[in-house]
Amino acid sequence: MDILKVRDAQDVEQAVRAAIASEQPLEIIGHGSKRMVGQPIATNAVLDLSALNAVTSYEPNELILTVQAGAPMADVLSLIDSKNQQFSFEPMNTSQLLGTPDIGTIGGMISAGLAGPRRIQAGGARDHLLGVHAVSGFGDSYKAGGRVVKNVTGYDVCKLLAGAWGTLSVMTEVTLKVMPRAESERTLVLRGLDDIAANKAMTAALGSPFDVSGAAHLPGSALRTTQGALGEIASPDQSVTLIRLEGITASASQRAVSLSTTLKSFGVAEILEDAQSAALWAAVRDVTPFAASGPRAMWPVWRIVTPPASGGALGQAIAKGSQGEVIYDWGGGLIWAALPPSADAQATQLRKLVNAAGGHATLIRAPEDVRRAVDVFHPQPKGIAALGERVRNSFDPKTILNRGRMSRGLGT
1 MDILKVRDAQ DVEQAVRAAI ASEQPLEIIG HGSKRMVGQP IATNAVLDLS ALNAVTSYEP
61 NELILTVQAG APMADVLSLI DSKNQQFSFE PMNTSQLLGT PDIGTIGGMI SAGLAGPRRI
121 QAGGARDHLL GVHAVSGFGD SYKAGGRVVK NVTGYDVCKL LAGAWGTLSV MTEVTLKVMP
181 RAESERTLVL RGLDDIAANK AMTAALGSPF DVSGAAHLPG SALRTTQGAL GEIASPDQSV
241 TLIRLEGITA SASQRAVSLS TTLKSFGVAE ILEDAQSAAL WAAVRDVTPF AASGPRAMWP
301 VWRIVTPPAS GGALGQAIAK GSQGEVIYDW GGGLIWAALP PSADAQATQL RKLVNAAGGH
361 ATLIRAPEDV RRAVDVFHPQ PKGIAALGER VRNSFDPKTI LNRGRMSRGL GT
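Position one of the sequence shown corresponds to residue 1 (full-length UniProt numbering), numbered consecutively onward.
Worth flagging that the hints you see were computed from the coordinates, not collected in a lab. Incorrect hints may appear among the rest.
[What the hints assert, rightly or not] Now the in silico label distances, taken between C-beta atoms and shown as ranges:
no.: 1; residue 1: P397; residue 2: A74; range: 32 to 42 Å
no.: 2; residue 1: A279; residue 2: Q254; range: 21 to 31 Å
no.: 3; residue 1: D127; residue 2: T261; range: 25 to 35 Å
no.: 4; residue 1: P236; residue 2: E273; range: 18 to 28 Å
All residues carry an ideal CB built from backbone N, CA and C; glycine is no exception.
Please build the complete structure, drawing on both the sequences and the hints.
Now the structure itself:
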């Protein structure tokens with residue numbers, strides 16, 4: 001395998017131009033923590049961005065951070081945490097789910113676009129991406145966006161790169177909005193609700209005036225663990241529904257009490273505070289019940305986005321039809337499903353249910369042979385697929401960058 005370790009944007013330009021000339025696709029990596037997500041890429045040429053790891057600028061008072069794309073996420077999170085700041089979209093740490101030792105890089109986090117529980121309040125990764133420096137599939141450097149929190153210059157090209165999984169362009173530097181960390185948090189715990197009732201409880205909470213920042217439901221089957229934050233609240237075969245509120249201490253406490261009253265028809269809520277609450281939501285964010293080191297290590301894992309109101313019914317149908325297990329986040333709008341192994345990860349049956357609900361499903365974890373056999377990313381309607389193809393052609397007409405990662409057949 002030919003690994004090209006670049007030192008700066010000029011190196012990236014040269015590598016992409018050489019790849020175009022030789023018609024050799026490039027696999028784009030930082031630390032490689034998410035390489036197993038997507039269709040397998042058929043190339044022996046790897047563009048390694050890990051040496052692009054500097055913090056270019058951090059202005060805590062301006063809520064702006066600029067870093068090179070290969071900067072380790074662990075270092076970046078430590079840096080902003082030292083100023084009591086955070087990425088409000090709560091990016092997922094995929095290391096436990098995928099069984100990788102590394103949390104990854106800032107560029108990989110943006111490319112994946114996997115936002116955590118607070119997405120329902122704060123938006124996704126693209127909503128916090130202010131600007132990028134990147135190299136297109138033509139081998140040309142460009143800048144998009146800016147370094148101000150309010151940017152009214154029109155649609156930001158940089159937002160196309162969030163969730164593009166390393167296609168379209170190679171990011172070399174990113175500018176992100178950071179926000180102050182909440183002083184305090186409270187989590188309401190409702191026990192014993194089935195998926196439909198839990199969906200209704202989460203919908204009621206999100207429709208309340210109490211500024212909910214997290215709403216998740218874990219059926220009893222997903223709480224077999226006795227370890228960590230989930231183990232501390234688990235009871236055998238009993239589900240938990242979790243509602244989070246954040247803010248200054250007095251406000252978070254008062255809103256938790258008021259919301260408990262609002263939700264009293266769903267049961268008596270326990271209230272968890274601060275550190276215990278934070279650990280619980282980290283486990284939800286990182287989908288630890290389906291960890292690669294746990295009892296479901298060999299099961300494929302799907303990430304399903306659906307209209308929240310139909311989440312409970314869809315999750316129940318998936319679990320029943322597949323004999324699998326599900327976890328709900330985003331008030332029912334995000335479903336994680338771990339399914340018993342099969343040659344196609346039960347893709348046909350699952351996507352039939354997801355399509356009927358108006359959602360889409362991505363296969364996040366599965367062996368390589370399964371990922372070759374099915375569409376990892378949800379097949380798009382012809383019109384949307386054609387639009388996506390025009391966008392890709394405008395950035396990377398030779399499909400040099402991560403060829404086939406998002407489209408089955410292109411990478412082989």
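Hint check results:
1. P397 with A74: 32 to 42 Å: 36 Å, holds
2. A279 with Q254: 21 to 31 Å: 23 Å, holds
3. D127 with T261: 25 to 35 Å: Check passed, 32 Å falls within 25 to 35 Å.
4. P236 with E273: 18 to 28 Å: 25 Å, holds
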